[in-house]
Amino acid sequence: MAAEAKTKAAVVAGGTKKAGAFNRFDNPWLNWKFLAGVSILGIIFFLIFLGNTFWDTSLALNASAPLNLPPYGMEYQKGKNNILVGVPEHPLGTENSGRDMLALLIVGTPRTLGVGAIAASVGMLVGIFLGFLAGFLGGWIDDVIRLATDITITIPSLLVLIVIQSVLGSVDLITMALLISMFAWATPTRYIRAQVLTMRESGYVQMARLSGVPTRNIMFREIMPNLLPYLAASYIGNMTGAIISAVGLEVLGFGPQRIPSLGVAIFFSIEAAALLRNMWWWWGIPTVILAIVFIALLLINLGLDEIANPRLRKAN
Amino acid sequence: MGGLSLNYIMRRLLVFFLTLWVAATLIFIIPRLAPGDPITAMVARMSQQAGFVENADLIIEGWKERFGLNDPVYVQYLRYMGNLLRFDLGLAMARFPSPVSQLVSRALPWTIGLVGIATLIFFTVGNLFGALLAWTKTPKLVKVLIPMSMIFTSIPPLLAGLLLVYIFGFLLDIFPQAYAYHHSFRQPEFTLKFIGSVLHHGFLPAMAIVLVTFGYWALGMRGMMVTIEGEDYMILAQAKGLKPFYVLYRYMIRNAILPQMTALAVSIGTLVGGSVLVEVIFNYNGMGTLIFTAIREQDFNLIQGTSFILIVTSALAVLIIDLSYPLIDPRISLEGK
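Protein chains in written order, with my numbering: chain B, 314 to 629; chain D, 17 to 353.
In short, the hints are calculated from the structure, not lab data.
Errors might be hidden in some of the hints.
[Claimed, not checked] Using 25 Å as the maximum straight-line C-alpha spacing, the simulated DMTMM-like pairs for lysine to aspartate or glutamate come out as follows:
1) D:K256 with D:E245
2) D:K80 with D:E313
3) B:K346 with D:E313
4) B:K391 with D:E247
5) D:K259 with D:E247
6) B:K391 with B:E402
7) D:K156 with D:E245
8) B:K393 with D:D189
9) D:K159 with D:E245
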C-alpha cells in the first residue's frame, strides 16, 4: 500500500517534472519585449559607466569648452561668414555656454533617471501600504483612501508642482523627486487596491484565512508574491510618469541650473532659441536619449503585463 | 438619464467639490509654507536681479497691506475662498492692471480646443486600432502596420512636439512653428480663412499629443478585447452565426470601451499637464504659454490663478466623463436601486 502510494507520488512528480521540462522554453520571463527593454536600459547604464570612466565629466560645467560647436564631422553656419567645424575633442558638439554635450549626457542621464526612480519608489511604497490597507480592511478606511486617491488623480500634478516650485525656485533633484512623489502614490494605490480586492476572494486566500493564518501573513506571504509582476509593471509605469513630470518641470526652468540634467539642457536650448538657430544637437540629442529611455520603459512594462496576464501572452 | 443612481451622482459630485477645495487650499498654503512671505520673496528676487531696490521696506509693507497679508491666516483664507467663489483671481502683478481672470478667459478656450480635439482623435484612433489588433478577422498587413505606428507611445508630448516642430516646422517648413493663428489676424474672427489658419497652426501641437498617446489606448483596448474573446457569450455569438462585424461592434467593442472610459477620466490630469508643455514648445496662445510667461515674469498671482482654473477645468472634464458613463453602461444606473 505504502509502495503503491510511493509510485503514485513518483508518477505525479515525474509528470510535473516532464511538464516543467516541456515548459522550459515557455518561461514567461523570456518575453522579448521585457528582455529588449531591459537590454536597452542596460546598454544605457553601461555607456554611462564607460563615460564616467573614460570621459572628463567636469566638461558638463559652464564655460569648460568652446561655444556652439557642432558634433564631430559636421559644420554649422553661424552668421554669414562664420562656419564652425566640429572637433574630435567634443564629439557630440558643445552648446551656448560652453558645455560639452557628451559630458552633459553622461552626467545628465543618470540624474534624470534617478529622479524618476526615487519618486517612483516613494510613491510605490506608499501605494503598496495604502492599497493593501484599503483592499484588505475595507470599511471607512477604504472609503477615505479611495476618496483621497480619486482627488489626487483628478488634480493635474504638474500644475500644483509648478505652483510649489515657483515659490521654492529651482531645487535640487532629491527635493524635486520628493515633490513629484507627493502625487506618485495615487495610481499605484488604486491599482494595488483593485488587485488585492480580487485576490482576497480567491480560493487560496480563503483557505489560508480558514486555517487561521494571521492577516499580516496573508498579506505578505500569500498575496504579495502573486502581486509581484503587477507591482513591477506598476513601478515601471510610475517611473515613466515621474520622469515625465521631472522633465516637464525642468523644461519650464525649475531644474538645477549648475549641473544640468537632460530636461534642463532642453530648457537652456529653448531659452537660447536653438531650434531657430539650427543647433539641432543641443536639444536633439537629449530628446532622443530620453525618447529611447521611454521606449525601453514601455517595452519593460508591456513585457511585465504579458508575464502577469497569461491571456495576453496567448494572444501573441 | 432617469436611471442614474443618486448614490453614484452624489459620490462624483463629492469628489468634484473636494478636488476643488483641496486644490484651492494647497495653492493657498504652499506659498505660506515657504520661509518669509510671497511679497518679501518677490522683492528679494527683484533686488537680487537688479542689485538694489529703492525703499524695499516701504514696498513690502504697502503690498502686504494691499493684499491683506497682515491679517490672521484664517481671515486671509476665508477671503481667498470667497474671492475664488466669485472667480476673482486678483490682478496679474507683472501685467498690472489686467485681472488674471481676463487673461485666463482669453487663453482657456484655446487649451480646451486643443486638448479636446486631440483627445477625440487619440481616443477614437487608439480604440479602433486596439480593436483591430485583437480581432481575428483583421488583415495580416494591418496587424503588422499598427504596432509599427505605435513606436512613439510613452514619449512625453513635449519631446514629440520638439521633434515635430523641427522636422515639419523648421526643416520642411510646411507647418507654422508658433502661435495658434497667423499674426495677420489681429483678433479671432469667424471667417473661413481664420478657421483654416487655426487648423493649420493647431495641427502639429495636436499631433504631438496624439502620436504619443493613442498607442496606450490601443494597448488597453487590445488587452480588454483579448479578455472578452475568452468569454462564454462570444462562443454563443459565434454559434448563433452572427455577422463578424456585428459581433465586433455589439459584443466586443461595446464591452471593452467601458474600462477605457474610466481610464480616460483617470488620465485627464496627465493629459492636461502634457498639453501645457506642448503649448510652451509651440508658443500656442493657451494656458500653458500663459503659465510659462507667468513663471518667467515671476508673477505668482497669475501662476496661481492659471493653475487653479486649469485644475477646475480638468475636474469638470472628469465629472462630465463620469456622469456620462452610465449612458453607455446600463449596469451602473441599476446600482443601488
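The hints, checked one at a time:
no., hint, verdict
1, D:K256 with D:E245, "holds, 15 Å"
2, D:K80 with D:E313, "holds, 20 Å"
3, B:K346 with D:E313, "violated, 45 Å"
4, B:K391 with D:E247, "violated, 64 Å"
5, D:K259 with D:E247, "holds, 18 Å"
6, B:K391 with B:E402, "holds, 20 Å"
7, D:K156 with D:E245, "holds, 19 Å"
8, B:K393 with D:D189, "holds, 21 Å"
9, D:K159 with D:E245, "holds, 17 Å"
Of the hints listed earlier, those the structure fails to meet are numbers 3 and 4, in rising order.
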